[in-house]
Every structure is written in C-alpha cells, then in structure tokens.
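Student: Below, each chain spelled out in residue letters.
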Amino acid sequence: SQKIEQNSEALNIQEGKTATLTCNYTNYSPAYLQWYRQDPGRGPVFLLLIRENEKEKRKERLKVTFDTTLKQSLFHITASQPADSATYLCALAPNSNSGYALNFGKGTSLLVTP
Amino acid sequence: EAQVTQNPRYLITVTGKKLTVTCSQNMNHEYMSWYRQDPGLGLRQIYYSMNVEVTDKGDVPEGYKVSRKEKRNFPLILESPSPNQTSLYFCASRRRLAGNEQFFGPGTRLTVL
Numbered sequence: 001s002q003k004i005e006q007n008s009e010a011l012n013i014q015e016g017k018t019a020t021l022t023c024n025y026t027n028y029s030p031a032y033l034q035w036y037r038q039d040p041g042r043g044p045v046f047l048l049l050i051r052e053n054e055k056e057k058r059k060e061r062l063k064v065t066f067d068t069t070l071k072q073s074l075f076h077i078t079a080s081q082p083a084d085s086a087t088y089l090c091a092l093a094p095n096s097n098s099g100y101a102l103n104f105g106k107g108t109s110l111l112v113t114p
Numbered sequence: 115e116a117q118v119t120q121n122p123r124y125l126i127t128v129t130g131k132k133l134t135v136t137c138s139q140n141m142n143h144e145y146m147s148w149y150r151q152d153p154g155l156g157l158r159q160i161y162y163s164m165n166v167e168v169t170d171k172g173d174v175p176e177g178y179k180v181s182r183k184e185k186r187n188f189p190l191i192l193e194s195p196s197p198n199q200t201s202l203y204f205c206a207s208r209r210r211l212a213g214n215e216q217f218f219g220p221g222t223r224l225t226v227l
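Residue numbers (my numbering), protein chains in the order written: chain A, 1 to 114; chain B, 115 to 227.
Careful: at least some of the hints might be erroneous.
Quick partial rundown of chain B residues pointing at chain A, CB under 8 Å, derived from the structure [as the list claims (entries may be wrong)]: (1) V166; (2) Y178; (3) E215; (4) G221.
None of these hints come from the bench; they were simulated from the model.
Glycine included, C-beta positions come from ideal geometry on N, C-alpha and C.
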C-alpha cells in the first residue's frame with residue numbers, strides 16, 4: 001500500500017543552525033511533492049511545491065530536494081529561528097491524469113531553541 | 115482576502131444530535147475537501163468534491179455526509195455524531211489538479227459527549 005513516512009520524533013535544534021526534515025514514500029509515483037507548515041490548532045499553510053522533474057527548489061531560507069530514485073524529499077530551513085518552530089507536513093500528489101487526492105504524511109515537529 | 119472559512123470553530127455536542135459544519139471559499143476553486151486530524155494519525159481525508167454536484171468518498175467517510183450545491187460552499191454533515199468523531203476538522207480548497215497549492219480553513223474542534 002502507499003505510504004508516506006516522516007520522522008515521528010521531534011527535531012530539536014539550536015537557533016541559527018540548519019534544520020533538515022525527511023519525507024520518504026513507498027508504492028507511489030508522485031508528480032508533485034508539497035511541504036506545509038502547521039502551527040498547533042491551526043490549518044496547514046502551503047510552503048513549497050517541487051515537481052518530479054525538479055531536483056531542488058528554494059524560497060528564501062527554505063530549500064526542498066526531491067529524489068525520485070531514492071523516493072525521498074528533504075526539507076531544509078537555514079539559519080533557523082524560534083519562529084520556525086512548528087509541525088511540517090509533506091504531501092504527495094499523483095500524476096494529474098491519474099487522480100486528484102493529495103496525500104499527507106503525519107508530520108515532523110520542529111523546535112528551534114534560542 | 116483569499117480564504118477558506120469554517121463555522122463553528124468550536125463545538126461541543128451530544129451523541130446523536132445532528133450537526134453541520136459549514137465551509138466556504140472565495141477563490142472560485144473547483145476542488146474542496148474535508149479532513150479530520152487526530153493525534154498520531156495525521157490528516158485523513160473524509161470527502162472531497164471536484165465541482166458542483168460532484169462529491170466522492172475519501173479515506174474515512176463513515177458517519178459523514180457532504181453536499182456541493184454551490185461552488186463556494188461545502189458543508190460537512192454529521193447525521194448522528196458519536197464520540198469517535200471527536201476530532202479537529204479542516205476544510206480545504208484548491209484549483210482542480212492535485213499539484214496546486216491547497217488552502218486550509220482555520221479548523222473546527224468538535225467534541226461529542
């Protein structure tokens with residue numbers, strides 16, 4: 001069955017360091033991979049999208065990589081700040097001709113301490 | 115401002131008392147969806163709609179109903195709520211294809227006693 005795995009253990013890092021979160025998937029051929037940020041009790045907020053033919057995408061302090069051979073995406077936050085503390089969700093979208101569901105991982109909690 | 119709104123934000127009810135959670139979006143999106151989020155289980159899709167009068171089941175549809183009579187609205191109906199439906203509910207919308215950014219509502223925290 002299709003599975004999306006994100007590290008369930010919280011990631012604790014010090015302010016200023018680079019945070020790296022992992023999203024692995026199995027039995028899936030996604031056309032797109034998205035990352036969302038979710039604060040406690042609030043709806044997820046879209047951050048970045050990367051397509052299957054793209055290796056890397058950047059937006060300000062955020063960087064996403066997408067390796068379809070390894071079936072893995074890495075999400076990096078450089079120069080992390082306490083305000084970056086949140087849960088980060090990856091979401092996979094299938095080829096646009098084969099379905100419309102956006103499937104979410106369970107998320108990884110990031111805590112950035114001063 | 116582009117947004118998805120949900121009402122109510124918080125609701126405590128009793129078993130068996132029918133309730134409706136409303137969802138509205140102002141972005142003219144074709145696709146709308148309902149999720150529930152529970153600790154350790156992540157976001158699970160309940161129902162989705164590709165357009166007006168087109169709805170389909172997600173991963174956990176039991177005990178829920180939806181309707182899509184207008185493009186902007188997608189209410190979630192619990193005909194006979196039970197305690198296992200206590201959860202945090204999110205409505206979301208986007209343009210048709212799955213690769214598009216999905217916009218989420220602020221959430222409805224439902225407690226069924």
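Student: The structure should be examined with respect to each hint, and the outcome stated for every one.
Tutor: Hint-by-hint comparison with the structure:
no.: 1; hint: V166; verdict: violated, 16 Å
no.: 2; hint: Y178; verdict: violated, 17 Å
no.: 3; hint: E215; verdict: holds, 4 Å
no.: 4; hint: G221; verdict: holds, 5 Å
In this structure, the hints that do not hold are numbers 1 and 2, in rising order.
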